[in-house]
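Q: Protein sequences appear in the order of chains A and B.
Anchor point for the first sequence: position 22 equals 22 in my numbering, and the numbering is continuous, going up by one each time.
Anchor point for the second sequence: position 79 equals 79 in my numbering, and the numbering is continuous, going up by one each time.
Simulated from the structure, these hints should not be mistaken for lab results.
Mixed in with the good hints there might be a few duds.
[Stated by the list, open to error] One side only, chain A facing chain B, incomplete, derived with CB under 7 Å:
{"no.": "1", "residue": "G25"}
{"no.": "2", "residue": "Q32"}
{"no.": "3", "residue": "I94"}
{"no.": "4", "residue": "I157"}
{"no.": "5", "residue": "E158"}
{"no.": "6", "residue": "F160"}
[Unchecked claim] In silico DMTMM-like links for lysine to aspartate or glutamate, alpha-carbon gap of 25 Å or less:
{"no.": "7", "chain 1": "A", "residue 1": "K89", "chain 2": "B", "residue 2": "E156"}
{"no.": "8", "chain 1": "A", "residue 1": "K141", "chain 2": "B", "residue 2": "E156"}
{"no.": "9", "chain 1": "A", "residue 1": "K12", "chain 2": "B", "residue 2": "D206"}
{"no.": "10", "chain 1": "A", "residue 1": "K162", "chain 2": "A", "residue 2": "E139"}
{"no.": "11", "chain 1": "A", "residue 1": "K35", "chain 2": "B", "residue 2": "D43"}
{"no.": "12", "chain 1": "B", "residue 1": "K271", "chain 2": "A", "residue 2": "D153"}
{"no.": "13", "chain 1": "A", "residue 1": "K141", "chain 2": "A", "residue 2": "E63"}
{"no.": "14", "chain 1": "B", "residue 1": "K159", "chain 2": "B", "residue 2": "D290"}
{"no.": "15", "chain 1": "B", "residue 1": "K181", "chain 2": "A", "residue 2": "E63"}
{"no.": "16", "chain 1": "B", "residue 1": "K47", "chain 2": "A", "residue 2": "E152"}
{"no.": "17", "chain 1": "B", "residue 1": "K271", "chain 2": "A", "residue 2": "D46"}
{"no.": "18", "chain 1": "B", "residue 1": "K339", "chain 2": "B", "residue 2": "E156"}
{"no.": "19", "chain 1": "B", "residue 1": "K47", "chain 2": "A", "residue 2": "D153"}
{"no.": "20", "chain 1": "B", "residue 1": "K271", "chain 2": "A", "residue 2": "D110"}
{"no.": "21", "chain 1": "B", "residue 1": "K47", "chain 2": "B", "residue 2": "D87"}
{"no.": "22", "chain 1": "B", "residue 1": "K288", "chain 2": "B", "residue 2": "D206"}
{"no.": "23", "chain 1": "A", "residue 1": "K3", "chain 2": "A", "residue 2": "E43"}
{"no.": "24", "chain 1": "A", "residue 1": "K149", "chain 2": "B", "residue 2": "D87"}
{"no.": "25", "chain 1": "B", "residue 1": "K310", "chain 2": "B", "residue 2": "D290"}
{"no.": "26", "chain 1": "A", "residue 1": "K54", "chain 2": "A", "residue 2": "D169"}
{"no.": "27", "chain 1": "A", "residue 1": "K12", "chain 2": "A", "residue 2": "D110"}
{"no.": "28", "chain 1": "B", "residue 1": "K149", "chain 2": "A", "residue 2": "D153"}
{"no.": "29", "chain 1": "A", "residue 1": "K167", "chain 2": "B", "residue 2": "D182"}
{"no.": "30", "chain 1": "A", "residue 1": "K39", "chain 2": "B", "residue 2": "D370"}
{"no.": "31", "chain 1": "B", "residue 1": "K313", "chain 2": "B", "residue 2": "E242"}
{"no.": "32", "chain 1": "A", "residue 1": "K149", "chain 2": "B", "residue 2": "D27"}
{"no.": "33", "chain 1": "B", "residue 1": "K149", "chain 2": "B", "residue 2": "D228"}
{"no.": "34", "chain 1": "A", "residue 1": "K167", "chain 2": "B", "residue 2": "E335"}
{"no.": "35", "chain 1": "B", "residue 1": "K46", "chain 2": "B", "residue 2": "D17"}
{"no.": "36", "chain 1": "B", "residue 1": "K310", "chain 2": "B", "residue 2": "E335"}
{"no.": "37", "chain 1": "A", "residue 1": "K89", "chain 2": "B", "residue 2": "D182"}
{"no.": "38", "chain 1": "B", "residue 1": "K258", "chain 2": "A", "residue 2": "E43"}
We treat Cβ as the ideally placed atom computed from N, Cα and C, and that holds for glycine.
So the chains spell out like this:
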Amino acid sequence: MRKEEHFARRLKVQDNINTDYVISGRYKFRIQDPKELSKHIFEDIDPEFASRVKKGDILVAGENFGCGSSREQAPQALKIAGFHAVVAKSFARIFYRNAFNLGMMLIESDTSFIDDGDTVEIDIDRGRLRDISKGLSFEIKPIPSVMKKLLEDGGVIEHFKKYGGFKFDE
Amino acid sequence: MGKTIAENILSNHCGLDVRAGDIAICDVDFCFGQDGTSSIIIDSFKKLGVNKVFDKEKFRMVIDHSAPSPNIGVSEIHKKMREFARDFDLGLYDIGCGVCHQIIPQHGHVTCGDLVLGADSHTCTYGAINVFSTGVGSTDLAITLACGKNWFRVPETIKVIVKGRLPAGVYSKDIILRIIKDIGANGATYKSIEFYGEAISALSVDARLTISNMAVEMGAKAGLMEADNNVLKWVAGRSKREPRPVRAGLGARYAAVKQYDISNLSPQVAKPHTVDNVSNVEELVSTKIDQAYLGTCTNGRLEDMEIAAKILKRNKVHPDVKFVIAPASREIFIEASKKGLIDIFIESGCVVVGPGCGPCVGTHNGVLADEEVAISTANRNFKGRMGNPNSFIYLASPATVAASAIKGKIADPREYRKRL
Numbered sequence: 001m002r003k004e005e006h007f008a009r010r011l012k013v014q015d016n017i018n019t020d021y022v023i024s025g026r027y028k029f030r031i032q033d034p035k036e037l038s039k040h041i042f043e044d045i046d047p048e049f050a051s052r053v054k055k056g057d058i059l060v061a062g063e064n065f066g067c068g069s070s071r072e073q074a075p076q077a078l079k080i081a082g083f084h085a086v087v088a089k090s091f092a093r094i095f096y097r098n099a100f101n102l103g104m105m106l107i108e109s110d111t112s113f114i115d116d117g118d119t120v121e122i123d124i125d126r127g128r129l130r131d132i133s134k135g136l137s138f139e140i141k142p143i144p145s146v147m148k149k150l151l152e153d154g155g156v157i158e159h160f161k162k163y164g165g166f167k168f169d170e
Numbered sequence: 001m002g003k004t005i006a007e008n009i010l011s012n013h014c015g016l017d018v019r020a021g022d023i024a025i026c027d028v029d030f031c032f033g034q035d036g037t038s039s040i041i042i043d044s045f046k047k048l049g050v051n052k053v054f055d056k057e058k059f060r061m062v063i064d065h066s067a068p069s070p071n072i073g074v075s076e077i078h079k080k081m082r083e084f085a086r087d088f089d090l091g092l093y094d095i096g097c098g099v100c101h102q103i104i105p106q107h108g109h110v111t112c113g114d115l116v117l118g119a120d121s122h123t124c125t126y127g128a129i130n131v132f133s134t135g136v137g138s139t140d141l142a143i144t145l146a147c148g149k150n151w152f153r154v155p156e157t158i159k160v161i162v163k164g165r166l167p168a169g170v171y172s173k174d175i176i177l178r179i180i181k182d183i184g185a186n187g188a189t190y191k192s193i194e195f196y197g198e199a200i201s202a203l204s205v206d207a208r209l210t211i212s213n214m215a216v217e218m219g220a221k222a223g224l225m226e227a228d229n230n231v232l233k234w235v236a237g238r239s240k241r242e243p244r245p246v247r248a249g250l251g252a253r254y255a256a257v258k259q260y261d262i263s264n265l266s267p268q269v270a271k272p273h274t275v276d277n278v279s280n281v282e283e284l285v286s287t288k289i290d291q292a293y294l295g296t297c298t299n300g301r302l303e304d305m306e307i308a309a310k311i312l313k314r315n316k317v318h319p320d321v322k323f324v325i326a327p328a329s330r331e332i333f334i335e336a337s338k339k340g341l342i343d344i345f346i347e348s349g350c351v352v353v354g355p356g357c358g359p360c361v362g363t364h365n366g367v368l369a370d371e372e373v374a375i376s377t378a379n380r381n382f383k384g385r386m387g388n389p390n391s392f393i394y395l396a397s398p399a400t401v402a403a404s405a406i407k408g409k410i411a412d413p414r415e416y417r418k419r420l
C-alpha cells in the first residue's frame with residue numbers, strides 16, 4: 001500500500017544540520033506565517049535550495065539532523081515547503097518529536113549513496129528505501145510504535161483530540 | 001537493580017517502575033515557553049479545543065529572545081503572548097525580567113526531583129539542581145499545558161566523572177567544552193548524562209548550571225547532577241516547594257562511563273561552526289576579534305560578571321572591539337550594579353544591555369557584519385547564529401572572553417591569573 005516515489009533533495013552539508021540552518025533566527029523570531037517562513041529554509045547554508053524544492057520531495061541528510069534549537073518552525077517549514085519526509089542516518093530528539101507531532105514522517109536509514117535528484121521509493125510496510133536511479137536498496141530502521149500512532153492520527157493534536165489524552169498500545 | 005536518576009525521576013512521575021527504553025506517560029511539575037516558541041504554543045493550545053490550562057501555577061511564559069522587540073513582527077508575537085496571558089490569567093515574565101533559564105530556577109519554579117518541560121532546547125540547564133528538565137517543541141508544550149502530562153521514552157544514561165582541581169583561570173565552561181569535544185555533537189543523542197566527581201562538587205551551583213546547560217550540545221535529553229548541600233541550600237532560598245532529591249541506585253546501568261581529569265586543563269575555545277570543534281586557547285591566541293559577548297543562559301550569572309569585572313578593572317576594551325554584556329536577569333543586573341561591576345564594565349568601554357538572549361540568537365543588540373569574528377560566552381556557534389551567516393563565532397568562558405576583548409584577539413585569561 002504505502003509505496004511512493006519521490007525526488008531526493010540533498011544539501012552540500014551532510015551531518016549535524018541544526019534547526020538554525022533549517023530556518024534562521026533572523027526569520028523565525030519575527031515571521032508567524034509558515035508559508036512565508038518556508039521560503040527561507042536552509043538560506044544560511046544554501047541560498048538557492050528552497051527554490052528547488054517541489055511538493056512530494058524527500059530531504060536526505062547524514063547524522064544528527066535537526067540538532068540544536070527546539071524551534072518547531074523547522075519541521076513546520078519543511079512540511080510547508082513540500083517535503084514528504086526526511087531521511088537521515090540519525091535525528092536529534094527534539095526535532096524527531098516535533099516532526100511526528102506535526103504528522104511529518106522521519107526515516108532513519110543509510111543515506112551515504114543517495115544523491116541529489118535521485119528517484120527514491122519508500123516502502124514502509126517492507127521497511128525498505130530504494131534508490132531507483134541507482135538500483136540500490138536500504139533497510140529502514142523500524143519507526144517506533146508511538147511515532148507510527150501519531151502519524152496514523154495525523155499528528156499529536158489530532159491524536160489528543162481523538163482520545164482526550166495519550167493512547168499508545170504499549 | 002538500582003535505577004539511574006533519569007529512570008528514578010520518570011518512574012516517580014508515572015507511578016510505574018520504568019527503565020531505559022520504556023515509554024512513560026508522566027505528570028509534569030512545571031512547563032514554560034519563550035517568545036521564540038510561545039506563538040506556536042498558543043496556536044496549538046487553541047487547536048486542542050480545551051478551554052483551560054491544567055494548572056496556572058505550573059506554567060509561565062518568558063519574553064527574552066528579543067526583548068525589547070526589535071521589529072514589528074516580534075512586537076506582534078509579544079502582544080499575542082500578553083493577550084493570551086491576560087485571557088487565561090497566566091504568569092508572564094515580560095521584557096527586562098531576564099533569560100528563561102535563569103529566572104525559572106531563580107524564582108523557585110523548579111526544585112530537586114522535578115520533571116520539567118520547556119519549549120526551549122536549553123531547558124536541560126536545571127539538571128544541575130537535580131531536575132529532569134528537557135526541551136520540547138511548541139506543540140508538545142501545548143499538550144502539557146492542556147493536560148499536565150506528556151510521554152517520554154526513558155533514556156539510557158552516560159555517566160561522566162570529572163576528577164581533579166581546576167587551575168586558576170579555568171572554569172566550568174572549560175570543563176563542559178572539553179567534554180563536548182570528546183563526546184561530540186551527536187554523542188549523547190536520546191540519552192541522559194549524569195555528572196559526578198570532585199571537580200563538579202567543588203563548583204558553585206551557578207557554575208554547575210553552565211555545565212548542564214550545554215548537555216544538549218551533545219544531543220542529550222538531560223544533564224543531571226545529584227543534589228548536595230549546596231544545591232539544597234540554593235533551592236531552599238528560592239522555591240517554596242519541598243525538594244525531593246533523587247540519586248542513582250546501586251547497580252544502576254549506564255550506556256557508557258567517561259572519566260576526565262581537569263587538573264591540567266587549558267581554557268577551552270569552540271571554533272566556528274560547531275560546538276564540538278574545540279581547541280586549547282593557546283592554539284588560537286592570534287585570532288583577531290571584532291566583538292565580544294558576555295551573557296546568556298550559559299554564562300550570564302553574577303559570578304560570570306564578577307570574573308569578567310576582575311579582568312576588566314582598570315583596563316580598556318580594545319578600540320577595534322565592541323564588547324556587549326547582558327546580565328541574565330534583572331536581579332543579577334541589580335546585584336552587579338550594587339557591587340560596582342556595571343561601573344567597571346562601562347568605564348572599560350563595554351556596552352551593557354538589558355537582560356535577554358538577543359545577541360546569542362542574532363535577533364538584535366549586536367548583529368555581526370560580514371567576515372566579522374565574535375567571541376562569546378554562549379552555547380552555540382552555528383553559522384548565522386548571531387544574525388549573519390558570513391560571520392564567525394568562537395565560544396569560551398567569561399574570563400577568556402574578557403581577556404580577548406582587551407587584547408583585540410583571542411587571549412589566554414591565565415595572563416590575568418593574579419586578579420582571579
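Q: Hint by hint, note whether the structure agrees.
A: Against the structure, the hints come out as follows:
no. : hint              : result
1   : G25               : holds (5 Å)
2   : Q32               : holds (6 Å)
3   : I94               : holds (5 Å)
4   : I157              : holds (5 Å)
5   : E158              : violated (9 Å)
6   : F160              : holds (6 Å)
7   : K89/A <-> E156/B  : holds (20 Å)
8   : K141/A <-> E156/B : holds (19 Å)
9   : K12/A <-> D206/B  : violated (40 Å)
10  : K162/A <-> E139/A : violated (32 Å)
11  : K35/A <-> D43/B   : holds (16 Å)
12  : K271/B <-> D153/A : violated (43 Å)
13  : K141/A <-> E63/A  : holds (14 Å)
14  : K159/B <-> D290/B : violated (39 Å)
15  : K181/B <-> E63/A  : holds (17 Å)
16  : K47/B <-> E152/A  : holds (18 Å)
17  : K271/B <-> D46/A  : holds (21 Å)
18  : K339/B <-> E156/B : violated (44 Å)
19  : K47/B <-> D153/A  : holds (15 Å)
20  : K271/B <-> D110/A : violated (29 Å)
21  : K47/B <-> D87/B   : holds (16 Å)
22  : K288/B <-> D206/B : violated (30 Å)
23  : K3/A <-> E43/A    : violated (31 Å)
24  : K149/A <-> D87/B  : violated (33 Å)
25  : K310/B <-> D290/B : holds (22 Å)
26  : K54/A <-> D169/A  : violated (36 Å)
27  : K12/A <-> D110/A  : holds (17 Å)
28  : K149/B <-> D153/A : holds (19 Å)
29  : K167/A <-> D182/B : violated (39 Å)
30  : K39/A <-> D370/B  : holds (22 Å)
31  : K313/B <-> E242/B : violated (41 Å)
32  : K149/A <-> D27/B  : holds (21 Å)
33  : K149/B <-> D228/B : violated (28 Å)
34  : K167/A <-> E335/B : violated (49 Å)
35  : K46/B <-> D17/B   : violated (34 Å)
36  : K310/B <-> E335/B : holds (15 Å)
37  : K89/A <-> D182/B  : holds (21 Å)
38  : K258/B <-> E43/A  : violated (38 Å)
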